[in-house]
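Asker: Here are the chains, one letter per residue:
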Amino acid sequence: MVNYYVRRTARVFATVFAVMSVTFGLIRLLPGGPYSQLRAQLLRSGVPAEQVNQQIENLQNIRPDAPLWEQYINYMVSVLQLNLGQSISKGDPVVEILAQAAPWTIFIVVVSTVLMFAFGIVLGALQAYKEGSKFDGIVSTFSMAGMSIPFYVIAILALLVFSYRLGWFPPSGTADSSIDNYWSLAFFVSVLKHAALPVFAYTITGIGSQALAMRGNSIQVLGQDFVEVARLRGLSDTRISTRYVARNAILPMYTGFLLLLGFRLGGTIILEYIFNYPGLGYYMLEGLNGNDYPLMMGTFLVITVALVVGVYIADLTYSKIDPRISAGDSREAY
Amino acid sequence: MKHTETDAPADGFDWHAESSDVELTRGERFWEFYEHRVYQPMLIAWSDLRTRIGLVVIAFYLLLALIGELGLWRAPSTSQAPRLLGMFENMAYPLGTTSAGVDLTAAIIHSTSDILLMVLAGGVWATGVALLVGVFAGYKGGMIDNILMSVSDFFMAIPGLPLVIILAITFSPENPIFVGVILTINYWAGLGRSLRSQVLTIREDSYVEASRTMGVSTWQIMVKDIIPNLMPYVTVNFVFAARYTIFASVGLYFLGVLPYSTQTWGVTLARAQANGALFVPDAAHWLIAPMIAIVGLALGLILLGQGMDKVFNPRVRTRLAGESETTEEGEDDSITGGTL
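For the record, the sequence lines run as chains H and C.
So in this note's numbering, spot 154 of the first sequence is number 154, and the numbers just go up one at a time.
So in this note's numbering, spot 72 of the second sequence is number 1072, and the numbers just go up one at a time.
Hint data in this document are derived by calculation from the structure and do not stem from the laboratory.
The C-beta atom is built at its ideal place from N, Cα and C for all residues, glycine as well.
Misleading hints may appear alongside valid ones.
Stretch by stretch, here's where chain C covers chain H in the computed footprint (C-beta under 8 Å, at least three residues) [said to hold, decoys possible]:
no.: 1; region: 12–26
no.: 2; region: 146–159
Partner residues are not named here, just some residues of chain H that face chain C (Cβ under 7 Å, in silico) [said to hold, decoys possible]:
no.: 3; residue: L259
no.: 4; residue: I269
no.: 5; residue: I270
no.: 6; residue: I303
no.: 7; residue: T304
no.: 8; residue: V305
no.: 9; residue: V308
Construct the entire structure; sequences and hints are all you get.
Answerer: The following block contains the structure:
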């Protein structure tokens, strides 16, 4: 029986490897072959064929005339060396562009997801506690309404109202570019101001479904015998609600959290487009619109790896909270 | 829902004692089928306020699609109306017009049928594949389980929207059904996994074991014993998959990633943004109109899904009464997909 952590770590590498292979395959699948368009363009402008091949090889580490397996191996090796090729439209190495973009995206996704869960859990727990009350009904109604609004609708409306009409928040960018000192308070405030609307839009629409899930789970846990026994033992309400109910009610929401992470990372493409927020999603769309395949596929790969690592971290910490996970040998906990 | 009387005996192998004793005429059978599968579910569905509202909303969208398909409302075209009319300013153009003089009502009505097809395709694909994978992996176990779960783990590891975008530019899908399938291409993975873990508990239940001992085929057990138990969960998640399809499709049309021939809601939204509806106060309705269409449909679906749970819940169904006590089972279903 191999250790859980060893197997879990091995799976991360296996997944990343598989995703890299798929990326390679997709590059070849893209319309008109990988670089036929660029190639034709260069040839037409009088660049000798040999030089064209060389240039394309530099761009994506794919030598067009090599056999497929050789291209594949070359691609994999260079990606492992953190060489994702060169952006056609920007002229910089893709890795450099993405290294600047990634922290912003992770910042937005992590902050909004944590906020969403915190609000959802508190609201859901209160609802369960006061089940059937007016408060419960009102919050449930709002939750359902929230679930039927996509985040980009809120994003556009927030931009319209708070940015263009009221002028409270800047409509684009990650921070005020006139501030040079990255460690000053002014810079920090500017970052928060720029992130406020994206985070708001990304958080508010997710709270509803989390609250509903938490409410359902809590009501189920509240009806169980061990809660009754805890009451009979005369434990305080705070202890029962935090240690007995909340803990058990939050656990099932965890699987949902893992999946949500992927959808939320992916959703940043739309979010960052609306707010002109230069994170990963923004550059993926840039690459797409500029026929800049290295940038696009590089971003795709980085977003995927970010997700795999995120799920990995969540998985490891989860097994700390729920002893059943590391004791058993699978992620299933039913 | 276990074996009900309406279940036909397994072909060639008659293990239903009662069904061999009492021969039902075709008319009686039809009547019973109608009673159990159509009339009673509808009665329960209608008894719930949420479902009632949901059904009315969905019916309204179907009506819009029909109006569009039958050509009862003018088709959208430029300069068909005064420019930038606000909402309800001129009742001939209730939702207002764009800066190019396109009737927004027409633009929304004429893309409704495409959206509905897309949503149906996305929902059916996502839940269908998930059901197949989940039930098969969970019931069979062993090798098949391992392989299927590795595959779905892989699909779960790829963030949905970026993959969809790459597939969208690779295949440039125009057929709404194909678009729906592409949008939910890896949505099934998470749902399949949670269905599997439910099957793992169901397959140990005594009535499933009874069927196994009686020599009922694996296929029959899956269809008659296991899947009915999953139906409440599947319906709720069908609705969530459908909602995801709407949100993702509008989002991608908005980004301009999907090719389009008709002005879908996302395209309208994108045009509004491109024409400065964010800063021009007179053009705000241009953004609002498609938003209402999106949110309305999603709300209808969610209300329907919340209420449909009751229809599939046999305990509630046998009571048949409107004042059935609230069973909390549907509410704890966590969503296995994305919120966009």
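Asker: Now tell me, hint by hint, if it's right for this structure.
Answerer: Okay, the hints, checked on the actual structure:
1. 12–26: holds (count 5)
2. 146–159: Our answer is that it holds, as 10 residues pass the Cβ test (under 8 Å) against chain C, meeting three.
3. L259: Since the shortest Cβ distance to chain C is 4 Å, the answer is holds.
4. I269: Holds, because the Cβ-Cβ distance from H:I269 to chain C comes to roughly 6 Å (cut-off 7 Å).
5. I270: Result: holds, 5 Å to nearest chain C Cβ.
6. I303: For H:I303, the interface hint holds, since the closest Cβ of chain C sits about 5 Å away, which is under 7 Å.
7. T304: The hint holds - H:T304 has a Cβ within 7 Å of chain C, the shortest such distance being about 6 Å.
8. V305: With a minimum Cβ separation of about 9 Å from chain C (threshold 7 Å), the hint on H:V305 is violated.
9. V308: With a closest approach of 5 Å, the H:V308 hint holds.
Figure legend: structure checked against the earlier numbered hints; the only hint not met is number 8.
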